[in-house]
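Number of protein chains: 2
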Amino acid sequence: MLIGGIEAGGTKIVCAVGNSTGEIKAKQSIPTREPDETLAEIKNFYSDYELEALGVGSFGPIDLDKNSDTYGMILNTPKTAWKHYDLLGSLQRHFQIPVYIDTDVNVACLAEYRHGVGRDVSSCLYITVGTGIGAGLVQDGRIFQGRSHPEMGHVRIPQHSDDSFAGICPYHRNCLEGMASGSAIEKRYGKKGNLLGNDVNVWEIEAHYLAHAIVSYTLILSPERVILGGGVMKQDSLFPLVRQKVSELMNDYVYMGDMSEFITAPELDDEQGVKGAIALTIGM
Amino acid sequence: MLIGGIEAGGTKIVCAVGNSTGEIKAKQSIPTREPDETLAEIKNFYSDYELEALGVGSFGPIDLDKNSDTYGMILNTPKTAWKHYDLLGSLQRHFQIPVYIDTDVNVACLAEYRHGVGRDVSSCLYITVGTGIGAGLVQDGRIFQGRSHPEMGHVRIPQHSDDSFAGICPYHRNCLEGMASGSAIEKRYGKKGNLLGNDVNVWEIEAHYLAHAIVSYTLILSPERVILGGGVMKQDSLFPLVRQKVSELMNDYVYMGDMSEFITAPELDDEQGVKGAIALTIGM
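Protein sequences appear in the order of chains A and B. Just so you know, we're using numbering that gives the first Met the number 0 here: the first sequence kicks off at 0 and counts up by one. Just so you know, we're using numbering that gives the first Met the number 0 here: the second sequence kicks off at 0 and counts up by one.
Note that these hints are calculated values from the structure, not bench results. On a predicted model such as this, the values are computed, not experimentally measured, just so you know. Take the hints with a grain of salt, since some may be wrong.
One copy or two, it doesn't matter: identical chains are merged, so the pair holds either way.
[As the list claims (entries may be wrong)] Taking lysine to any residue and the SDA-like style, the derived pairs with C-alpha atoms no more than 20 angstroms apart in a straight line are: (1) Lys244 - Pro157; (2) Lys82 - Asp251; (3) Lys244 - Asp47; (4) Lys82 - Val253; (5) Lys78 - Tyr170; (6) Lys244 - Gln158; (7) Lys244 - Arg172; (8) Lys78 - Tyr252; (9) Lys65 - Asp119; (10) Lys42 - Gln91; (11) Lys26 - Val201; (12) Lys65 - Glu223; (13) Lys191 - Gln91; (14) Lys244 - Pro169; (15) Lys42 - Asp68.
Pulled out of the complex, with its shape left as it was, chain A reads as follows (with noise of 0.2 angstroms):
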């Protein structure tokens, strides 16, 4: 039984053919232009298989509530042209198949807890510190989902003593995405993180937020792992000063069990995205 995932990015989407084990039979990246041509490379690739159904996780925001007119279609985003663009009712139509539909950081949850790190556990909060900064938690197999998706990279964090940044959220200013993506980082030191090198405060202060985000995430979700991914967890030495940060913080309150297993880095890469898709299609 062949399933299509697609992982829809602001500039690439990457098509996939597999099965429910995870396998990754065939793939192929095409850059998102205009919705329409886009659509047509989706179809052209998918025409040499027969599948039994599709999943795709998608840039946002997405409409994700099933009761509303414009569930699947995509709502605000800077990309004009994808504006309200229906993209679940689209690919239903062409396909004629069950079409399945969330978020990206969701999505590579699902992956990690299906096929990834996260395959040994119950419940597992995936934390994509990139761009911007999303998460999504998976437990006992369902990606947790209230009245709307979770906006969990726009929680307020206490200013860090030595940091003296506004913070670039539009709408928050300083919450932990106006402090800590990528984007923040870039404009508080006027270069991109992976340029800063090993500069101890530079990662001591972004340790500090992520710690702080961690632990209200942990307090209020109770996962029982953590997964840190994204463009900014490339840099090595923030892991053990996030963990140790995290500990200091929750000082022994709940019971989180070994640092390096509770906070981890993913394990599916390019894949992921596409896996998760696949994943979204069985037993949701």
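Given the coordinates of chain A, work out where chain B should sit on it, guided by the hints.
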């Protein structure tokens, strides 16, 4: 069909008999003494009724991990006679019927969801602001639980610029409970909150901390309604202040609807605990 519901608090235990519609037919309050003595009184109250099931909302911490050897036991508590007491096991052995247990705040949340101010929504968060601060989430009829029950009262929040209070949480000093619980208010001002009248600064600072926490809870859990209960919330001026600050902090980033419906007082008063305990036994 008769169902028993027990609200087990640190100073009193309320035993009730009711049914699945939320109707309470009999109720008795007994003081919380040593476990054996208290259990004898509980058994005595229920000896007149033939129960189908029994639910308990208990003070904590309790072990709620069903795979644990100590499931249903009271864990560390300052009430030394109850430390490591097997509350669930004792009740199961005596009554020989299905017995369900959860934390007092989770049970309060379930009561409001089923029979109170949350009856028209699909998810609600209940926050109790009393001597301590705790919170529980019910979503689609089920109490949310991760690896363990949430400990949301201990999230970190940014310090109010006019507040130099260091906080009283023995684990985290200036977490939400350390800054905004009834005990924190009493320590900061030298008298209990209900004796502080309408002093604008007092409630402005209190609302600052509660609003920051509610914003985090909302971004992470996306509940449809937030119910604020507990002794501190008897101060009527707090509700409008908290609503205003949550609106300001969120800055239209996520949809919360009418703020007076989004953040609201509980409805069930004295019978919240026993109604929630009875609700625990139904459809869980």
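Structure-based check of each hint:
For the homomeric pair Lys244 and Pro157, the shortest alpha-carbon distances inside one copy (14 angstroms) and between copies (17 angstroms) are both at most 20 angstroms. In this assembly of identical chains, Lys82 and Asp251 lie within 20 angstroms of each other by CA distance solely across copies; the values are 19 angstroms between and 46 angstroms within a copy. Taking CA atoms no more than 20 angstroms apart as the test, Lys244 paired with Asp47 passes in neither setting, with 51 angstroms inside one copy and 55 angstroms between copies. Proximity of Lys82 to Val253 under the C-alpha cut-off of 20 angstroms is restricted to the inter-copy arrangement: shortest distance 18 angstroms between copies versus 43 angstroms within a copy.
Taking identical chains as interchangeable, the C-alpha atoms of Lys78 and Tyr170 lie at most 20 angstroms apart only when both belong to the same chain, with a minimum of 18 angstroms there against 46 angstroms between chains. Proximity of Lys244 to Gln158 under the C-alpha cut-off of 20 angstroms is found in both arrangements, the shortest distances being 14 angstroms within a copy and 19 angstroms between copies. Taking identical chains as interchangeable, the C-alpha atoms of Lys244 and Arg172 lie at most 20 angstroms apart only when they sit on different chains, with a minimum of 15 angstroms there against 23 angstroms within one chain. Taking the shortest Cα distances, Lys78 and Tyr252 sit within 20 angstroms of each other only across copies (18 angstroms), while inside one copy they are farther apart (44 angstroms).
Taking the closest pair of Cα atoms, Lys65 and Asp119 come within 20 angstroms of each other only across two copies (18 angstroms); inside a single copy the shortest separation is 30 angstroms, beyond that limit. For the homomeric pair Lys42 and Gln91, the shortest alpha-carbon distance inside one copy (12 angstroms) is at most 20 angstroms, but the shortest distance between copies (60 angstroms) is not. Taking the closest pair of Cα atoms, Lys26 and Val201 never come within 20 angstroms of each other, the shortest separation being 38 angstroms inside a single copy and 60 angstroms across copies. Taking identical chains as interchangeable, the C-alpha atoms of Lys65 and Glu223 lie at most 20 angstroms apart only when they sit on different chains, with a minimum of 15 angstroms there against 28 angstroms within one chain.
Taking identical chains as interchangeable, the C-alpha atoms of Lys191 and Gln91 are never at most 20 angstroms apart, the minima being 40 angstroms within one chain and 60 angstroms between chains. In this homomeric assembly, Lys244 and Pro169 come within 20 angstroms of each other (Cα to Cα) only across copies, at 18 angstroms, whereas the closest approach inside a single copy is 28 angstroms. Proximity of Lys42 and Asp68 under a CA criterion of 20 angstroms is satisfied in neither setting, with 25 angstroms inside one chain copy and 54 angstroms between copies.
When each numbered hint is compared with the structure, violations occur for hints 3, 11, 13, 15.
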